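In order, the protein sequences belong to chains A and B. What the first sequence shows, in the working numbering, is residues 1 to 252, in sequence order. What the second sequence shows, in the working numbering, is residues 1001 to 1151, in sequence order.
No lab work stands behind these hints, which were simulated from the structure alone. Please read all numbers here as calculations on a predicted model, not as lab measurements. Glycine included, each C-beta is placed from N, C-alpha and C at the ideal position. It is possible that some hints are incorrect.
[What the hints assert, rightly or not] Which chain A residues stay away from chain B? Per the calculated CB distances, all over 10 Å, these: (1) 7; (2) 23; (3) 51; (4) 53; (5) 58; (6) 87; (7) 97; (8) 140; (9) 150; (10) 170; (11) 174; (12) 176; (13) 185.
[Stated by the list, open to error] Part of the chain B face toward chain A, derived, beta carbon under 10 Å: (14) 1017; (15) 1058; (16) 1090; (17) 1139; (18) 1143.
[Unchecked claim] The calculated label-pair distances, taken between Cβ atoms and stated as ranges, are: (19) A/28 x B/1096: 41 to 51 Å; (20) A/189 x B/1096: 46 to 56 Å; (21) A/3 x B/1004: 44 to 54 Å; (22) B/1093 x A/41: 41 to 51 Å; (23) B/1139 x A/185: 46 to 56 Å; (24) A/15 x B/1008: 50 to 60 Å; (25) B/1093 x A/185: 56 to 66 Å; (26) B/1136 x A/62: 18 to 28 Å.
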Amino acid sequence: MWRWPIEYAGIAVQLLLLLRSAWAHLLTRYYFFYTYVASGILGSAILMTMLLRTPVLYAKGYWAVQFVTLVAGYGILLEIMNHVLAPYPGAERFARAAGVVAFCAIFLFALLAPFIKSQWAPVVVIEFERDLRSVQSLFICGLLGVIFYYGIPIGKNMKGMILGYGLYIVTSLMTLAVRAYAGPSFSAVWKVVQPLSFDVSLVIWLVALWSYCPNPEPDPNIALEQDYEALASRTRGVIDIIRTYLRKAARA
Amino acid sequence: MIQLIFFLSIGGLLFASLFFLARRKPRPEGSSGALIEARQALMALQAGLLPAELVKRIFAPDDWEFVRAEAPAAVRELFIDERKRVALLWVSQVRTQIHNLRRFHRGAARSYARLNPRSEMELAFSFAGLILACRMLQLVIYLGGPYAAPG
């Protein structure tokens, strides 16, 4: 009963988001993000048409659209990396390494899972989407870890983009995980919660991307060491001094 | 069930990260202003707040031996209390210095294209180890007094 009003509201907010982006000249600044939004609208339009004309094909079409938007969702992650980390090559390098570790971790888990417990159900579409969502989750966690660790400042646009997408990913991952575990009995809840969380994300994006708010640029006037190794060895030197003081205190 | 817990844990981790992002201050610790402040604080600390003689003096047992031999119980108690307070203050200052150094290093390292993730991990563990050591030292001093630290 609630599902369709939620879906229609989502389409309306997506259209509003696109219109506002054109008005505020944001389309060219965040083209990966708006490609994702446009793919969502297109996907919804295709699904609605299918439901009205050929309802038999709807289930197959739903998963196809879901995967296309899921892949397009990686564009948002690329957008975030481009805008937030581009001025910080060191942090970007670390984030890339963290991303590779996240991908390896989940694929390693996928490889080892059948050996850990042999009676697990065969891989179905829901489980596959859940696995991909968990890769995205780990990737965002890694990205946020780097942002927090290096104290990288984030503008309103990017913060909203991460919060909105992250919230949608969390809800999708958790509902998909419960759906895969509990079976079709959870479908009724899942069919409402998933589009509802997407609507919440859309509202966050609409507020955060109402106008252009650039990401704070690093101050180019800060004098730094000539290269990274010099900085690292200087830090190691000071760490050694502090360690010596602490040892002295402990031995006194 | 293991599978469900695994995926819910990933979701929980992301939710916690988003929560911290939402609560983040508008001027995070790594902004250029904060970086300059961290550098200044670090230089000040290196220059004057941690002279080797001070460390020796705070934890030197000579004073305590003298007070124990010469002074009445009330003075001995007062001496231990005050020395304990000074020792705790010193450890707290060392911890501040470690935080400043870490803030300065992170603020600078993020801009290097040739950053070495392995070195960064190594330094992160060193910082964590030092902060843990400070906490342990504080606990030992708090519970056992200024002369209780293990040798």
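Return the status of the interface hint for residue 1090 of chain B: holds when the least beta-carbon distance to chain A is below 10 Å, violated otherwise. 7 Å, holds
Mind checking the CB of residue 1017 of chain B against every CB in chain A and telling me if the closest is under 10 Å? Given a least distance of 4 Å, the restraint on residue 1017 of chain B holds.
With 10 Å as the threshold, tell me whether residue 58 of chain A passes as away from chain B on beta-carbon distances. About 27 Å separates residue 58 of chain A from the closest Cβ of chain B, which puts it past 10 Å; holds.
Just to be sure I understand the hint, the distance between the Cβ atoms of residue 1139 of chain B and residue 185 of chain A should be within 46 to 56 Å; is that true here? Holds, at about 51 Å.
Given the range 50 to 60 Å, decide if the beta-carbon distance of residue 15 of chain A to residue 1008 of chain B lies inside it. Hint violated: Cβ distance 34 Å, outside 50 to 60 Å.
Using Cβ atoms only, decide whether residue 1058 of chain B comes closer than 10 Å to chain A, and label the hint accordingly. 7 Å, holds
Claimed clearance of chain B by residue 150 of chain A, with the beta carbon kept past 10 Å: 4 Å, violated
Chain A contact restraint for residue 1143 of chain B - C-beta distance below 10 Å: 15 Å, violated
Does the hinted range 46 to 56 Å hold for residue 189 of chain A and residue 1096 of chain B at CB? 50 Å, holds
With d taken as the least Cβ-Cβ distance between residue 174 of chain A and chain B, does d exceed 10 Å? 4 Å, violated
Should the hint that residue 1139 of chain B touches chain A count as held when the rule is a Cβ pair under 10 Å? With Cβ-Cβ at 12 Å, over 10 Å, it is violated.
56 to 66 Å was suggested as the range; check whether the CB atoms of residue 1093 of chain B and residue 185 of chain A agree with it. Given a distance of about 59 Å, which is inside 56 to 66 Å, the answer is holds.
Hints 6, 7, 8, 9, 10, 11, 12, 17, 18, 21, 22, 24 and 26 from the earlier list are contradicted by this structure; the remaining hints agree with it.
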